[in-house]
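2 protein chains.
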Amino acid sequence: MIDFETGVMLPADGKIERRLSQMKGVFADEKAYLACLEKEDSLVYEVYTSTPPEREGDLIYCTSVIYPGKVGDEFYMTKGHYHAKRGTSEVYLCVGGRGMLVLENPHGDSTVLDMYPGSMSYIPPFWAHRTVNTGSGPFIFIGVYPADAGHDYGTIEACGMMKLVLQRGGQTVVLDSQRASPKAGEGLS
Amino acid sequence: MIDFETGVMLPADGKIERRLSQMKGVFADEKAYLACLEKEDSLVYEVYTSTPPEREGDLIYCTSVIYPGKVGDEFYMTKGHYHAKRGTSEVYLCVGGRGMLVLENPHGDSTVLDMYPGSMSYIPPFWAHRTVNTGSGPFIFIGVYPADAGHDYGTIEACGMMKLVLQRGGQTVVLDSQRASPKAGEGLS
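Chains A and B are the protein sequences, given in the same order.
Heads up: the first sequence runs through residues 23 to 211, numbered per this note's numbering.
Heads up: the second sequence runs through residues 23 to 211, numbered per this note's numbering.
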């Protein structure tokens, strides 16, 4: 049972919480990050998951709740990851709030999609994905992906993603990151 | 984009409609079925689907809308199927109405689960599944499953499912079917 208002999933076999202190290096503005962290180790997002056996053929479903907030002018977001088993995909259904899905692949392609209640988003095999809360309330979505997909956070941690989602002058803007793009041959090794 | 009120999914790459005339032999009461059909070839359910390539690793998402109605005392429902690739699973999220998920496997195990807005249901690999509208309005749910799963309708068409969901005296009741159970060795060959 998922509560569309709060994103709480019950029963959930697992729950992860990501606080600011667990997201060092994720936000572009390191100085703003340290200032935020000094003030409070805020909860950035939570994920409730089902945990079937991690067998090929099983599917996991989970609910993610990203809270509203910013580090400098960059919206709260997930760490971003590839699936460890690269050739696996994922489906997102947004049930509350407003957000964006940032996608990129190792060839240097990148795109950003809007998410809103009722929106379905498809993450094809081989694409890294991050979600960003661009709204004023909790941003809530359900994901379904193969149980044996696994998570590779390290690749994105190493050089960030190619697109940043920021608030500038009250507007949501998407900018190219100053970080190395894997296409430029400066990032992944 | 899925409209949680109507189940309409836009854009949808595909849409199937199942009318009574396409469901011969599905409902237990053949006489009642023919009487209903003579009156009107009613729409029983619709499915809107995304259609990624049918490759291993891709996922399909779809929205099903089962309309309220009965054939005799048996609620409107889907035909029921196994995945052609048996070792694949599926996740359902109900967004509107009330219903039941009928599950069975070739070993003769069978169960029935409630579905209601916010409910998530897991169909493990190797289980046949059918959904039933037990409410008074459209019963709407989203499904996610592997793109290469395929559909085997024939096995269920051949001998039906082991559980029937009926309305008796204003109540929803689940009864064992009079049809052969595969466990009894009379069904599947």
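Because the hints were derived from the structure by calculation, they are not lab data.
Keep in mind that this is a model prediction, so the values were computed, not measured.
Check the hints yourself; a few may be wrong.
Stated by the list, open to error - Partner residues aside, some chain A positions facing chain B, computed with beta carbon under 7 Å: (1) ILE24; (2) TYR83; (3) GLY102; (4) ALA106; (5) THR110; (6) SER141; (7) ILE178; (8) LEU197.
Unchecked claim - Computed footprint of chain A on chain B, listed as stretches where at least three residues anywhere in the stretch have a Cβ under 8 Å from a Cβ of chain A: (9) 25-34; (10) 50-63; (11) 87-99.
As the list claims (entries may be wrong) - Which residues of chain A face chain B? A few of them, derived with a C-beta cut under 7 Å, are: (12) VAL30; (13) VAL113; (14) HIS173.
Ideal placement from N, C-alpha and C gives every residue a C-beta, glycine not left out.
Query - Within 8 Å of chain A (C-beta), three or more residues of the stretch 50-63 of chain B - result: violated (count 0)
**Report entry** chain B contact restraint on A/THR110 - CB to CB distance below 7 Å
**Finding:** A/THR110 check passes; min Cβ-Cβ to chain B is 5 Å, inside 7 Å.
Query raised in the report: Is the shortest C-beta separation between A/SER141 and chain B less than 7 Å?
Result: holds (6 Å)
**Report entry** Residues of the stretch 87-99 of chain B with Cβ under 8 Å from chain A, three needed, outcome
**Finding:** Since three or more residues must qualify, the claim that chain A covers the stretch 87-99 of chain B is violated, with 0 doing so at under 8 Å.
Query - When the least beta-carbon distance from A/TYR83 to chain B is tested against 7 Å, hint result - result: holds (5 Å)
Query - Hinted contact A/GLY102 with chain B - closest CB pair below 7 Å - result: violated (20 Å)
**Report entry** Hint validity - A/VAL113 Cβ closer than 7 Å to any chain B Cβ
**Finding:** Holds: closest Cβ of chain B sits about 5 Å from A/VAL113, inside 7 Å.
Requested in this report: Can you take a look at whether the stretch 25-34 of chain B is actually covered by chain A? Rule is 3+ residues, C-beta closer than 8 Å.
Outcome: That given contact holds, which follows from 3 residues of the stretch 25-34 of chain B lying within Cβ reach (below 8 Å) of chain A.
Query - Supplied contact hint for A/VAL30, tested at 7 Å Cβ to chain B - result: violated (10 Å)
Query - Satisfaction of the A/LEU197 interface hint, Cβ to chain B closer than 7 Å - result: violated (26 Å)
Report task. Verify the interface restraint on A/ALA106: the C-beta must sit less than 7 Å from at least one C-beta of chain B. Result -> This interface hint is violated because 13 Å lies over the 7 Å limit.
**Report entry** Status of the hint placing A/HIS173 at chain B (closest C-beta pair under 7 Å)
**Finding:** violated (16 Å)
The structure fails to meet hints 3, 4, 7, 8, 10, 11, 12, 14 from the earlier list, while all remaining hints are met.
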